[in-house]
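**Q** Working from the sequences, and respecting the hints, build out all of it.
Chain residues, written in single-letter form:
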Amino acid sequence: ILNVEQSPQSLHVQEGDSTNFTCSFPSSNFYALHWYRWETAKSPEALFVMTLNGDEKKKGRISATLNTKEGYSYLYIKGSQPEDSATYLCAFLWGNWALIFGKGTTLSVSS
Amino acid sequence: EAGVTQFPSHSVIEKGQTVTLRCDPISGHDNLYWYRRVMGKEIKFLLHFVKESKQDESGMPNNRFLAERTGGTYSTLKVQPAELEDSGVYFCASSRQGDSPLHFGNGTRLTVT
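Those protein sequence lines, which keep their order, are chains A and B.
Mapping of the first sequence onto this note's numbering: residues 1 to 111, in sequence order.
Mapping of the second sequence onto this note's numbering: residues 1 to 113, in sequence order.
Possibly wrong hints are sitting among the right ones.
As the list claims (entries may be wrong) - Which bits of chain A does chain B cover? Going by a derived footprint, with three or more residues having C-beta under 8 angstroms, they are:
1) 8 to 18
2) 25 to 39
Stated by the list, open to error - Pair by pair, the computed Cβ-Cβ distance ranges are:
3) A:S108 with B:K54: 37 to 43 angstroms
4) B:V50 with A:G16: 40 to 46 angstroms
5) B:E68 with A:Q81: 42 to 48 angstroms
6) A:N67 with B:Q17: 47 to 53 angstroms
7) A:Q81 with B:N62: 40 to 46 angstroms
8) A:N67 with B:G71: 40 to 46 angstroms
9) A:E45 with B:E83: 29 to 35 angstroms
10) A:Y76 with B:S53: 36 to 42 angstroms
11) A:N20 with B:T70: 41 to 47 angstroms
12) B:R22 with A:E56: 38 to 44 angstroms
13) B:R96 with A:T65: 36 to 42 angstroms
14) A:S111 with B:R64: 22 to 28 angstroms
Unchecked claim - In silico DMTMM-like cross-links for lysine to aspartate or glutamate, where the CA-CA straight-line distance does not exceed 20 angstroms:
15) A:K103 with B:E42
16) A:K57 with B:E42
17) B:K41 with A:E5
18) A:K58 with B:D99
19) B:K15 with B:E85
20) A:K59 with A:D17
21) B:K41 with A:D17
Simulated from the structure, these hints should not be mistaken for lab results.
Beta carbons: idealized from backbone N, C-alpha and C, even for Gly.
**A** Given below as structure tokens:
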């Protein structure tokens, strides 16, 4: 059974704080690692698709790194804003092209 | 381009009834996925189509669930007969290639009473 683990489960920070979350996935049969942002009452939106070991992606204040050999990815948010409040999902793409999601990290940013 | 659309947005049915959910993917997207979120928990994979073929249906909970994708275009997910534990939000997503980001629909909220 494929397991994608995300930690922490939830996080509460103050506006302006920088934060990071972890996604752990199987290191074998790796094809890609996705990050999605999911706001309440909306549908998930793609942030990054990462495929190569050592990949680093950036979109505004959000960035992500990938280590396929040890099976983890970090998502960083610099200078958190209230509008960053959402659940951040990572998903592991494995050999059968099925995208398996973790349980997510729910971020709450207070102003 | 039009996004992934799902119909209906909400459905309330009684236990034992049948419900059919529909998903129209983005035009040209060969990959179509069904996911389910139950009781505010994580998104659980149900199945994956590549064009009209079922690539992986290992996440389908039991034989009360039947998914089809006619001609590789829209997809339907039928639950028959519905049980209380089937309540949740059913998301459809599509992608152009197997390793492309998914585009999600707004989901169908199913309530079985």
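**Q** Hint by hint, say whether it matches the structure.
**A** Now for the hints, and whether the structure bears them out:
Interface restraint, the stretch 8 to 18 of chain A with chain B: violated (0 residues with C-beta to C-beta distance below 8 angstroms; minimum three). With 4 residues bearing a CB less than 8 angstroms from a CB of chain B, the stretch 25 to 39 of chain A meets the requirement of three and the coverage assertion stands. The supplied range of 37 to 43 angstroms is met by S108 of chain A and K54 of chain B, whose beta-carbon atoms lie about 39 angstroms from each other. The supplied range of 40 to 46 angstroms is met by V50 of chain B and G16 of chain A, whose beta-carbon atoms lie about 45 angstroms from each other.
At roughly 43 angstroms, the beta carbons of E68 of chain B and Q81 of chain A sit within the given window of 42 to 48 angstroms. The supplied range of 47 to 53 angstroms is met by N67 of chain A and Q17 of chain B, whose beta-carbon atoms lie about 48 angstroms from each other. As the Cβ distance of Q81 of chain A to N62 of chain B is approximately 43 angstroms, the hint placing it in 40 to 46 angstroms holds. A C-beta distance of roughly 42 angstroms is found between N67 of chain A and G71 of chain B, which places it inside the suggested range of 40 to 46 angstroms.
Hint check: E45 of chain A to E83 of chain B, Cβ distance near 31 angstroms, so the stated range 29 to 35 angstroms holds. At roughly 39 angstroms, the beta carbons of Y76 of chain A and S53 of chain B sit within the given window of 36 to 42 angstroms. With their beta carbons about 44 angstroms apart, N20 of chain A and T70 of chain B fall inside the hinted range of 41 to 47 angstroms. A hinted range of 38 to 44 angstroms holds for the C-beta pair R22 of chain B and E56 of chain A, which are about 39 angstroms apart.
Evaluation of the 36 to 42 angstroms hint for R96 of chain B and T65 of chain A yields a failure: the beta carbon distance comes to about 25 angstroms. At roughly 46 angstroms, the beta carbons of S111 of chain A and R64 of chain B sit outside the given window of 22 to 28 angstroms. The suggested pairing of K103 of chain A with E42 of chain B holds, with an alpha-carbon distance near 5 angstroms, which does not exceed 20 angstroms. For the hint pairing K57 of chain A with E42 of chain B, the CA-to-CA distance comes to about 25 angstroms; that exceeds 20 angstroms, so the pair is violated.
Of the pairs offered as hints, the one joining K41 of chain B and E5 of chain A holds, with about 14 angstroms between alpha carbons and a cut-off of 20 angstroms not exceeded. Taken as a hint, the K58 of chain A and D99 of chain B pair is honoured in the structure, with Cα atoms around 19 angstroms apart against an allowance of 20 angstroms. Taken as a hint, the K15 of chain B and E85 of chain B pair is honoured in the structure, with Cα atoms around 10 angstroms apart against an allowance of 20 angstroms. Our distance criterion of 20 angstroms between C-alpha atoms is met by K59 of chain A and D17 of chain A, whose separation comes to about 17 angstroms.
For a cut-off of 20 angstroms, the pair hint linking K41 of chain B to D17 of chain A is broken: about 27 angstroms separates their Cα positions.
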